[in-house]
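2 protein chains.
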Amino acid sequence: MGDRKLRILLSNDDGINAPGLAALHHEICKIADVTVVAPDSEKSAVGHAITLSDPLRVWNFQKDGRFFGYAVNGTPADCVKIACWALLKEKPDLIISGINLGSNSGINAIYSGTVSAATEGTILRVPSFAISLTTYVDPDFSYAAQFARRLALQVRERGLPEGTLLNVNVPPVPATKIAGVRVTRQGKSTYLEHFDKRTDPANRIYYWLAGKKVEVEEDLNVDDYAIKQDMVSITPLRFDLTDYEFLAELSSWDMLSPSS
Amino acid sequence: MGDRKLRILLSNDDGINAPGLAALHHEICKIADVTVVAPDSEKSAVGHAITLSDPLRVWNFQKDGRFFGYAVNGTPADCVKIACWALLKEKPDLIISGINLGSNSGINAIYSGTVSAATEGTILRVPSFAISLTTYVDPDFSYAAQFARRLALQVRERGLPEGTLLNVNVPPVPATKIAGVRVTRQGKSTYLEHFDKRTDPANRIYYWLAGKKVEVEEDLNVDDYAIKQDMVSITPLRFDLTDYEFLAELSSWDMLSPSS
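The listed protein sequences correspond, in order, to chains C and H.
Numbers 1 to 260, taken from our numbering, label the letters of the first sequence in order.
Numbers 1 to 260, taken from our numbering, label the letters of the second sequence in order.
Chain C extracted, bound-state conformation (with noise of 0.2 Å):
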């Protein structure tokens, strides 16, 4: 492609007016040419969703007077995908989803609007990675923002194997307190959840969801360790779900003859 010029689409869970994508669109902007496909409110924890039942609408998204992207009232998959199939001329060399507030490793990449992003991306052969600050208090993303211009770059040089896409946790910290870039594997700490059981002033009972991770494994290898040490992750994910292994032992069960 020689000389042309980068062609980036960067979307979130967090909504187009979130903080976090405003300083990845700063940077990306300094080497490619920029859209902005995103939710027009949070869409946190939605997992993969996509909108079938509903029509999406796409508004044109102003910030500080100028356009910024467009907003959907949609998932950020079906961003992705308006993007790619209805709102672009052609599909992006690369896709970029954050900056998410707060982390998405270990057991929350399933559940991440801001990985379904790239998983989407990547499901349209395009090459795409998420990117998380993993803090909700005092963000300050300006280092996953270059964090994230630099393996743009790294990216588009070497490409991903189709399937593959990263899912990048930086450490709420100074760049200067970054203690290395590790490739970690999915962690695998558990939630200890309970649902909080309560009253609403019409005297109903609602539930509300609460937990905290338990059992991080100790292990420089496993993103959420690695965070903790304050090390950026970067975690490869696939969107083949088959347990490989496990297929070779299931085919010896006994029911797999129809008359069993």
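Identical copies look the same in the list; a pair holds intra-copy or inter-copy alike.
Capping the alpha-carbon separation at 20 Å, the derived lysine to any residue pairs in SDA-like fashion look like this:
1. K197 with A86
2. K177 with R150
3. K188 with R238
4. K213 with G163
5. K188 with E162
6. K197 with D40
7. K188 with Y244
8. K177 with L220
9. K188 with L124
10. K188 with R125
11. K188 with F239
12. K89 with N60
13. K188 with D240
In case anyone wonders, no lab produced these hints; they're calculated from the structure.
The hints should help you fit chain H onto chain C, whose structure is shown.
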């Protein structure tokens, strides 16, 4: 556990009043104490969404004048979470999600609310499977329900590896026409998608996702193709999304020094 009766939790994504869930309930009641916890309305293509920002409410749902189960204003994953953490006295022995109206094969496993309920069960360390009937037209759930009953007993006897669930797709043919049962991998068929661009009565533009599956791999080891050949497809899925193959190569990227 000796002769204690099996305790099985049923959920789905088509909603608590769906005929596929009723058919499953009818068969599973023959072998287990059954609890139904399902969305109060249809939640297809919700992916692995959970509800964090809103309260969940639970209703007793009646069917044919009797208590049938708990209806929840949430997603399939919410239903499994609230069942295990709040509604049931102890975790069930097994979770079955379905019977879904329509296939959940290939890339659809990623979007599927049906699969998501089984994934959530697996995260909570309860052996789980999802089951779908691969048609939208004149569904007859009876064979699929019987198959679910037999599979439940096999899973109970043999267990599943930690982190692994089963995704079952049953072709819409009479029992006598079932060509066999096949352990498969998740197919890589993609969708040729487009967005219909339409104008509403108030002259505003909206978009509607449409698409058809392309590139079915002609391989009996692939879910989509096995189903096409009238075989029951069982795909073992895992929720660890890590791409272990690519992990080592990724570690060699230049940028894995924080100062690069």
